Amino acid sequence: MITWNRARFVFTLSLLSSACVLMLATPTLAPVSRKVPLAILAPTLVLLFLQLRVDGARAQPSETGPVEAARAVSAVAWLFALLSLVTLCGLGLGSPAFLTAYLWREAGRTAHVALASGVVSLVLFLAFGELLDVRLYDGVLQSWL
Amino acid sequence: MFTPVLSAAWDAWSIVFSWPNLLYPVIGTLLAMAFAVVPGISGVTLMAIAIPFTIDWDPIPIVLLFGSFVGGATFMGSVTAILAGIPGSPPNAATIIDGHPMAQKGLARTAIACSGAASALGSTFGVLVLIAVIPFMRPMILAFGPPEFMMLAVWGLTMLASLAPTSLLKGLAAAGMGLCLSFVGYDGRTAELRYTFGIDYLRDGLSLVPVFLGLFAVTAALELHMSRRETISGASDTCQLSGSTWAGIRSVYDHFGLFLRSSILGTLVGMLPGVGGTVSSFLAYGNAVHSSRDRGTFGKGDIRGVLAPEAANDAKDGGALVPLLAFGIPGGLGTAMLLAALTLHGISPGRDLLESHLSLVFVLVWSMFLSNWLTSIIGIAVAKPLARVTTIRSAFLVPVILVLATTGAYLYRTRPGDILVMGLFGILGTLLTTFEWPRVPLVVALVLGPMFERNLQLTSRLTSVGRVDFWTRPIAMTLLAFSCVGLALSWHRRREKRRERGGGV
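Same order as they appear, the protein sequences are chains S and E.
For what it's worth, my numbering labels the leading residue of the first sequence as 1, then goes sequentially.
For what it's worth, my numbering labels the leading residue of the second sequence as 1, then goes sequentially.
Excised from the complex, chain S in its bound form:
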């Protein structure tokens, strides 16, 4: 099981890795374009490495995190659900569908109430798009169909 301080260490390591990836991509740039990024990336890598050492020294396997892991996973899952729904069905359909699902599962509303909220938000989205003459994102499903 991953402990709190170890998770902190892994997060800093992932930041350091991202900076390393940018550093590796820098030499391929023209000398004028890479001058400033190099001047910033070099000290950033040093700072991240120092932070990693600080976090590494604290990474004892005894402590557990203040945030319940299950709740954190559920938060990310809901965000992923929203992004997936919007990408697939578009803003006009995906957002009300997400709203309905969240109200039903998390807010403890009955399926009818959640569905009614979804329908209201769908009408609001459509009215919003019409009134402002804004074309809302249609989603990839519509382009496939």
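Some residues of chain S that are not near chain E, with every Cβ distance over 10 Å (derived): (1) Cys89; (2) Leu115; (3) Ala127; (4) Gln142.
Derived list of chain E stretches under chain S, where covered just means 3 residues or more per stretch with a C-beta under 8 Å from a C-beta of chain S: (5) 172-184; (6) 193-199; (7) 413-420; (8) 423-433.
None of these hints come from the bench; they were simulated from the model.
Note that the coordinates shown come from a computational prediction; the quantities given were computed from them, not determined experimentally.
Glycine included, every Cβ here is placed at the ideal spot set by N, Cα and C.
For this one, chain S is given, so just place chain E on it according to the hints.
Just chain E now, with coordinates in the frame of chain S:
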């Protein structure tokens, strides 16, 4: 020297406050307030929508309407920032840092009232400065060259990085990461693509609106979901909210020195072309923390953290008109759109406008001034019902915040990729706060990065051809000294704190 300026100011005042001219800024303000509630839809969007409808209008109604769009949207963006952690526009992001924690403590009404009072008085300060500097506009702006702009960016970054509550190392590293992210996309000098890894979306770099919505709004929603708090404020009824409108208004008087400093900073930064309101808000916030003795309360709902960015953000409107009117150079996105609207309607900023049509300039100034006051008065008047948002159950608010943020991220540029970026930065923001990394230096570095790089390259080039001697420029040297002293003081304070905790001297 001031007689023609005062005369033009008076003429414009008579024009604005006459019937039916008064209707334009009032309608413009109400429209801007309504639009600003949706994140990503700011005064800029409203102006873009209004341009085709107003193309045949006379100059005065156009200036009245568009001026009020700029002024009206600013305040409402901070209301959503305080209540739900959603910045209405990028400059409102600084208000979230202390404004949203105040709402979580049940003090939303105080925060909104403070924001309203600071906004109205800050804009008044900006307008007064504008009237005072109109005769000296050109030399003031020309005093700022590439070395000064570069050092301004360095000062802003070091100041905010050194404010990181947990560690200076984390603050500086976050600022470094933010700068690295700002390099993504086309290099302005060589048109070469940097760090895009073959992804077309990244060609134009990372857009600030989805990044801000992710780092602040999505993070706030995810944290609310994870915390299992029943409501944002913890109160289920408005009677349990302890904030008061009067306390918020009074805070400007209680911290008048801070208000004055923030307004001066906002006006000065507003005057600098291409810098914009986001920088002024964050700089004012950083200055508020740096200049206070008890900085431990910042980030946890300190009213000074609301007052400073709000005063600076509205004071900058007056300052931003200086380069716009003198040279036709916009200070930010709002003034860029204003410039586009004015030019499309045949009003060209520059010497001719300042010398022959000075009263038209003041019509614009008074319109913005009126809309700033109007939004603040309406905002303060409805602070109590607005604060009720913090008593709505989290389970209802979380999906609404997420949907609004997603809609705002898309509507800003109508690019689906922005939704994904918002989501990724939402997860990054949650991880940053969970592991006690500061978000502010990262965000500010992303804003200041292009300005820093452009001016660093220009400075080095001008130095190499002998046109600029960096070490003999007083403004640049002063900013360099501020940066070094700020970092040294922050390091020293932290060392002293560690010693105290360790039982040392």
